[in-house]
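**Q** Chains U and V are the protein sequences, given in the same order.
132 is the number of the first residue of the first sequence in this note's numbering; add one for each residue after it.
132 is the number of the first residue of the second sequence in this note's numbering; add one for each residue after it.
Since the hints were derived computationally from the structure, they do not count as laboratory data.
Among the hints, erroneous ones may be present.
Note that identical chains are pooled: a pair holds if it fits in a single copy or bridges any two copies.
Each computed DSBU-like pair below joins lysine-lysine, with the alpha-carbon atoms no more than 30 Å apart [unchecked claim]:
1) Lys457 to Lys407
2) Lys605 to Lys468
3) Lys444 to Lys202
4) Lys484 to Lys202
5) Lys195 to Lys205
6) Lys444 to Lys205
7) Lys457 to Lys170
8) Lys576 to Lys468
9) Lys477 to Lys337
10) Lys531 to Lys496
11) Lys601 to Lys235
12) Lys444 to Lys477
13) Lys398 to Lys246
14) Lys496 to Lys407
15) Lys576 to Lys205
Just so it is clear, the structure is predicted and the values come from calculations on it, not from any experiment.
Protein chains: 2
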Amino acid sequence: MRKNQLNKSKIYTKDKEMAKELTSRSENYSQWYLDLVLKADLAENSAVRGCMVIKPYGYAIWEKMQAQLDKMFKDTGHVNAYFPLFIPKSFFSREAAHVEGFAKECAVVTHYRLKNDPDGKGVVIDPDARLEEELVIRPTSETIIWNTYRNWIQSHRDLPLLINQWANVVRWEMRTRLFLRTAEFLWQEGHTAHSTREEAIEETVKIINLYAEFAEKWMAMPVVKGVKSENERFAGAVDTYTIEALMQDGKALQSGTSHFLGQNFAKAFDVLFTNKEGVQEYVWATSWGVSTRLMGALIMAHSDDNGLVLPPKLAPIQVVIVPIYKKMEELAAISAKVDEIIPKLKARGITVKYDDNDNRKPGWKFAEYELKGVPVRLAMGPRDLANGTVEVARRDTLEKQNLPVENIDEYVEILLGEIQENIFRKALSFRDENIRKADTWEEFKQLINEKGGFVSAHWDGSAETEQRIKEETKATIRCIPLDGEEEAGQCIFSGNPSSRRVLFAVAY
Amino acid sequence: MRKNQLNKSKIYTKDKEMAKELTSRSENYSQWYLDLVLKADLAENSAVRGCMVIKPYGYAIWEKMQAQLDKMFKDTGHVNAYFPLFIPKSFFSREAAHVEGFAKECAVVTHYRLKNDPDGKGVVIDPDARLEEELVIRPTSETIIWNTYRNWIQSHRDLPLLINQWANVVRWEMRTRLFLRTAEFLWQEGHTAHSTREEAIEETVKIINLYAEFAEKWMAMPVVKGVKSENERFAGAVDTYTIEALMQDGKALQSGTSHFLGQNFAKAFDVLFTNKEGVQEYVWATSWGVSTRLMGALIMAHSDDNGLVLPPKLAPIQVVIVPIYKKMEELAAISAKVDEIIPKLKARGITVKYDDNDNRKPGWKFAEYELKGVPVRLAMGPRDLANGTVEVARRDTLEKQNLPVENIDEYVEILLGEIQENIFRKALSFRDENIRKADTWEEFKQLINEKGGFVSAHWDGSAETEQRIKEETKATIRCIPLDGEEEAGQCIFSGNPSSRRVLFAVAY
Numbered sequence: 132m133r134k135n136q137l138n139k140s141k142i143y144t145k146d147k148e149m150a151k152e153l154t155s156r157s158e159n160y161s162q163w164y165l166d167l168v169l170k171a172d173l174a175e176n177s178a179v180r181g182c183m184v185i186k187p188y189g190y191a192i193w194e195k196m197q198a199q200l201d202k203m204f205k206d207t208g209h210v211n212a213y214f215p216l217f218i219p220k221s222f223f224s225r226e227a228a229h230v231e232g233f234a235k236e237c238a239v240v241t242h243y244r245l246k247n248d249p250d251g252k253g254v255v256i257d258p259d260a261r262l263e264e265e266l267v268i269r270p271t272s273e274t275i276i277w278n279t280y281r282n283w284i285q286s287h288r289d290l291p292l293l294i295n296q297w298a299n300v301v302r303w304e305m306r307t308r309l310f311l312r313t314a315e316f317l318w319q320e321g322h323t324a325h326s327t328r329e330e331a332i333e334e335t336v337k338i339i340n341l342y343a344e345f346a347e348k349w350m351a352m353p354v355v356k357g358v359k360s361e362n363e364r365f366a367g368a369v370d371t372y373t374i375e376a377l378m379q380d381g382k383a384l385q386s387g388t389s390h391f392l393g394q395n396f397a398k399a400f401d402v403l404f405t406n407k408e409g410v411q412e413y414v415w416a417t418s419w420g421v422s423t424r425l426m427g428a429l430i431m432a433h434s435d436d437n438g439l440v441l442p443p444k445l446a447p448i449q450v451v452i453v454p455i456y457k458k459m460e461e462l463a464a465i466s467a468k469v470d471e472i473i474p475k476l477k478a479r480g481i482t483v484k485y486d487d488n489d490n491r492k493p494g495w496k497f498a499e500y501e502l503k504g505v506p507v508r509l510a511m512g513p514r515d516l517a518n519g520t521v522e523v524a525r526r527d528t529l530e531k532q533n534l535p536v537e538n539i540d541e542y543v544e545i546l547l548g549e550i551q552e553n554i555f556r557k558a559l560s561f562r563d564e565n566i567r568k569a570d571t572w573e574e575f576k577q578l579i580n581e582k583g584g585f586v587s588a589h590w591d592g593s594a595e596t597e598q599r600i601k602e603e604t605k606a607t608i609r610c611i612p613l614d615g616e617e618e619a620g621q622c623i624f625s626g627n628p629s630s631r632r633v634l635f636a637v638a639y
Numbered sequence: 132m133r134k135n136q137l138n139k140s141k142i143y144t145k146d147k148e149m150a151k152e153l154t155s156r157s158e159n160y161s162q163w164y165l166d167l168v169l170k171a172d173l174a175e176n177s178a179v180r181g182c183m184v185i186k187p188y189g190y191a192i193w194e195k196m197q198a199q200l201d202k203m204f205k206d207t208g209h210v211n212a213y214f215p216l217f218i219p220k221s222f223f224s225r226e227a228a229h230v231e232g233f234a235k236e237c238a239v240v241t242h243y244r245l246k247n248d249p250d251g252k253g254v255v256i257d258p259d260a261r262l263e264e265e266l267v268i269r270p271t272s273e274t275i276i277w278n279t280y281r282n283w284i285q286s287h288r289d290l291p292l293l294i295n296q297w298a299n300v301v302r303w304e305m306r307t308r309l310f311l312r313t314a315e316f317l318w319q320e321g322h323t324a325h326s327t328r329e330e331a332i333e334e335t336v337k338i339i340n341l342y343a344e345f346a347e348k349w350m351a352m353p354v355v356k357g358v359k360s361e362n363e364r365f366a367g368a369v370d371t372y373t374i375e376a377l378m379q380d381g382k383a384l385q386s387g388t389s390h391f392l393g394q395n396f397a398k399a400f401d402v403l404f405t406n407k408e409g410v411q412e413y414v415w416a417t418s419w420g421v422s423t424r425l426m427g428a429l430i431m432a433h434s435d436d437n438g439l440v441l442p443p444k445l446a447p448i449q450v451v452i453v454p455i456y457k458k459m460e461e462l463a464a465i466s467a468k469v470d471e472i473i474p475k476l477k478a479r480g481i482t483v484k485y486d487d488n489d490n491r492k493p494g495w496k497f498a499e500y501e502l503k504g505v506p507v508r509l510a511m512g513p514r515d516l517a518n519g520t521v522e523v524a525r526r527d528t529l530e531k532q533n534l535p536v537e538n539i540d541e542y543v544e545i546l547l548g549e550i551q552e553n554i555f556r557k558a559l560s561f562r563d564e565n566i567r568k569a570d571t572w573e574e575f576k577q578l579i580n581e582k583g584g585f586v587s588a589h590w591d592g593s594a595e596t597e598q599r600i601k602e603e604t605k606a607t608i609r610c611i612p613l614d615g616e617e618e619a620g621q622c623i624f625s626g627n628p629s630s631r632r633v634l635f636a637v638a639y
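Next up, chain U with everything else stripped away, as it sits in the complex (with noise of 0.2 Å):
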C-alpha cells in the first residue's frame, strides 16, 4: 500500500522513544532549538518552501498571546477590522522607501485560473487568465490600509482611527527558521491615524510600551525599550520604536516594534483632512506589530535541556495530574481523588490535565509534560493516598516536595505565581549579566566574539559607522535606550564624538 511504509513506522516508532533526547544547549543551541520545537509539537515544516504548519499545542500557546494583546488593545481604545490579502503592485511604488524595503521579496499573484493540462498531465496555467495588474501577498498593510483611509477620513472628527488586523503575512526569505524567520508568518497590525504629529508620536509610545509589558508580564521575558538606527528603520517610518530581548545563546531578537510613519503614507496615498481651523492637512500615521515570531522568543528565552519552561500565564495546560499505580483499584482510588482536586483548581481559574492514560508509564508522562512546559505536575499514588499527600513537581526549577492534599489548590495558584515571577527573574539576571559596556574598538570586538550578549558603546551616529562594524562583527545597533543616559564620548569605530551610548549585538 505505501510506499516505505516500514521505514517510516520505524522512524517514528524511534522518534517517540528519543522524544526526551534533545540536542543539549551547549552542544548545539540552533539544533536544540529545532529538535524543541519539532518534539514539543510546536511547528513543523510544510510541504510548501519556507511555510511552517503551527501545531495544536504551538497554536495554544499563540492564542493565549493573543488573547492577552487583543485585550490589550482595546482596553487601550483599539478596535479590530480585515483588510484584503492583496496589494496591487503599483501601490508599493507609492511610497519610495517602502517598495525598497518590502515589495521585492514577496509573492506574485499573476494568473487566477487554472486548466487542464491539455497533455493530460494535471492543471497547468490558463494563459488567458493573467490578470491586468499584478497582485503582492501582503507581506504588512500600510499601502492598502492608507489606500482605504483616504475614504475614512474628511474631518479632525473622524480622526484619531485606531484600528488593529490579526491576520497572515507573506515575506519571501530565503532562509527560513521555524517561528523565528518564516516565509508566511502569523501577526498583528495596528494603523492609526492622527490630526496631530504629538498625538501620532504619543500612541507610538503607548505601543512599544503595550509591547513591553505584554513581554515582561506575560512572557516573563524582559525586554529593552528603544529606538531604531536609520539602518534598521522600517521602511517607510521616520522612527521606529523596538523591544529587544536576549535570547541563552547571547543572541538579541528583536520582538516588536512600533512605528511613527509621519505624513508618509498620508502624502503617498493623498489621505487629506479638515482640522479644526477648517485648513487642509496630511495625516499622521503609526503602524506597529508584533508575530508568531514571539513564539520563538519564548521558547529561547526560558527553556532548558529538558524541554520548554512555559510562564504558567501562556502555558496551555498549567497543571498536570499523573496517577501512580500498578493496579486497577489503585487507579480508581487516586482517579477519586483528583475528582475532588480538579474542580478546586479550575475554580481557581487554574488550566488542569488529568493524564489517566493507561498507555503509557508515570515516568514517560514526566518526561513528555517536561518537553511540554506544563509549570506545575501533581503525582500521586497510593502511599499519597494513604497520608493525604501529593508529590508537587515545578518545571521552572525542577524541585519536587511532597505536601498535604488538603488546600493543594490554593497552595498551587500561588506557586504558579511564584513560577511565574521566577522565571522573569531569572531571564532578567541573566540579560543584566549580559549587558557589558565597551570603551574601545578591541574591547568591542572581544565581548561580542567571544561573550555576545548587549555591547553598551558609543557611536558617531553614522550609517555608514553601522555598516562597517556590522561588516566586520556581525553585531547591529538593537537600540537606542529610551531610558539611556546623555553621557560624553567617542565612537568605538571612528573615535567621532557621540552624546550617548547605544546597544549593540549579534541578532536574530
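Use these hints to put chain V onto chain U, whose structure you have.
**A** Just chain V now, with coordinates in the frame of chain U:
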C-alpha cells in the same frame, strides 16, 4: 492639494445626511442589502477586485460569532492549528473530484520577487524569480492538511484528530457581493481524521447540529438541516450535510456545511493507520466550515427598512444610552444618573455605550443606532430625571415605553432575552410560512416564480432531473431534510417514483 477635494467632501456630507435613507426592501432588495452593509459600516469593496474590507463594526459582529463558535468547537474536543496559505499546484490533481471543483478559479502565485522596472516605472516581476511549481492560494485546505496528516497518523492511537483552523481563503469569483460572495473571505475549516467510517459520520452530523444550534440560538436564524444532492455536494465528499436558511426575499442561503469525505483524501495523500488488529487501513475524514457569509445571512434574515436588526447575543453594543438636553447643566445631571446605571448593566454582562457626543442631535443618534441595530435604546431627559423614569425603545419592534429607572438593569437584561427570542420566532414564522408543497410541475413553477421560499417536492433522485429543473426555474435542491418523512410519490419533473420530498429553492 487633493484632486476633486471639494467634490468628495460634498459627497461625504451628503452621505452622512442620507445615512438613514436605505432603499426599501420592497423597492429593491439587493440594493437595500448593499445600502445597509455600506451605511451601517459593516464592510465595503476594496481596491482589489472582489475583495472586501471588513470595517470595525462589521468585524466586531464577526468576532462575536467567532468567539462563540470557537467555544463550541473546543467544548466538543476540537483544537485549533494553522496550515500554510499556499498549496502546491500538483496537490490539487491528486483528488479527481476536488480538482474539478476547486483548482480552477483560484489565485496563482508564479513569482517570488519584483525588481525595479528598467524603464524606471515602478516595479515589475523579476523573470528570474519564477517558482518551479506554482502555488495556489488555498480555496480550502483539505489537500495541504491531508498531506500533513500523513506524517501525524501512524496508529489508531493517533486518532481521532479533531483540528480546526481559522483562516482566510480565496476563490476567484466573477460576480461578487459583500459578505455573500467575495474573492477572499474569512472562515473556519475543521478537518478531522477517524479510524472508522461510523465515527467520521458521527462527527459530520455532530458538527451540522452544532452549526444549527449556533444559527438558531445565537444568530436567531432558523435553519433546515439536510443532506445535499450529488450536484450540490462538496467536491471530494461522499456526503455533504448543510444548514439552509431563508432570507426575507424568499431566497435560500446555504449557511454552513459539514462533509463526510470517506477515505477519498486519505487515498489521495496516502494516509494509513494500523488498526487495533494490526492491519493497515486508510483513514476516514470529515471537513466542515462556516464563513463571513454568515454575516450576510445575519443581515438579511432580520433587518428592516430602518437598518440592521441584531440578535442581542451577537450585538457589539447591546444597549445605547442617549441623553436628551438643551443646557449643559441638564446634560451633567443626566450623566450623573447614567453613571449609576452603567455599572449595574455591566455587572449583568451587558455591553453598553453612553453617547453624550454634543455634536449630534438626539434624532440623529436615534436613527444612527437604529441603523446599526443596537437592540435596546435608553433615552433620558430632564423630565425623566424629575420623574425617575427612562424611555426604553426596543429595536426589533420599535416599541417604546417609559419605565422607572429603578431596577432598569434587571428589566433590560430580561428584555434582551425577549428580543433574542422574538427575532427568532419572527424568522421562524416567516420560514414556516414559506415552505410549501408542490405536487405537479405547474404548481412547482408557479410557487418558485411567484412565491419563492422553499418548495417541498418529490424528485426522482437523478442529477439530470435536478439539472433540468435548475435550467428551467433557477431553483436547486437545497437539501434532503434530515427530519423528512418517507412518503411515496412521483417526481414533479419526470414523474418517476420517489420515496421522499426534498426542498427546492432559488438560492444565494
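**Q** For each hint, tell me whether it holds in the structure or not.
**A** Right, here's what the structure says about each hint:
no. : hint             : in the structure
1   : Lys457 to Lys407 : between (78 Å within a copy, 24 Å between copies)
2   : Lys605 to Lys468 : neither (57 Å within a copy, 63 Å between copies)
3   : Lys444 to Lys202 : both (14 Å within a copy, 20 Å between copies)
4   : Lys484 to Lys202 : both (26 Å within a copy, 18 Å between copies)
5   : Lys195 to Lys205 : both (16 Å within a copy, 14 Å between copies)
6   : Lys444 to Lys205 : both (19 Å within a copy, 19 Å between copies)
7   : Lys457 to Lys170 : within (28 Å within a copy, 68 Å between copies)
8   : Lys576 to Lys468 : neither (60 Å within a copy, 67 Å between copies)
9   : Lys477 to Lys337 : between (34 Å within a copy, 27 Å between copies)
10  : Lys531 to Lys496 : within (16 Å within a copy, 62 Å between copies)
11  : Lys601 to Lys235 : within (23 Å within a copy, 48 Å between copies)
12  : Lys444 to Lys477 : both (15 Å within a copy, 26 Å between copies)
13  : Lys398 to Lys246 : between (42 Å within a copy, 23 Å between copies)
14  : Lys496 to Lys407 : between (66 Å within a copy, 23 Å between copies)
15  : Lys576 to Lys205 : neither (45 Å within a copy, 53 Å between copies)
Going down the numbered hints, you'll see the structure goes against 2, 8, 15, while the others check out.
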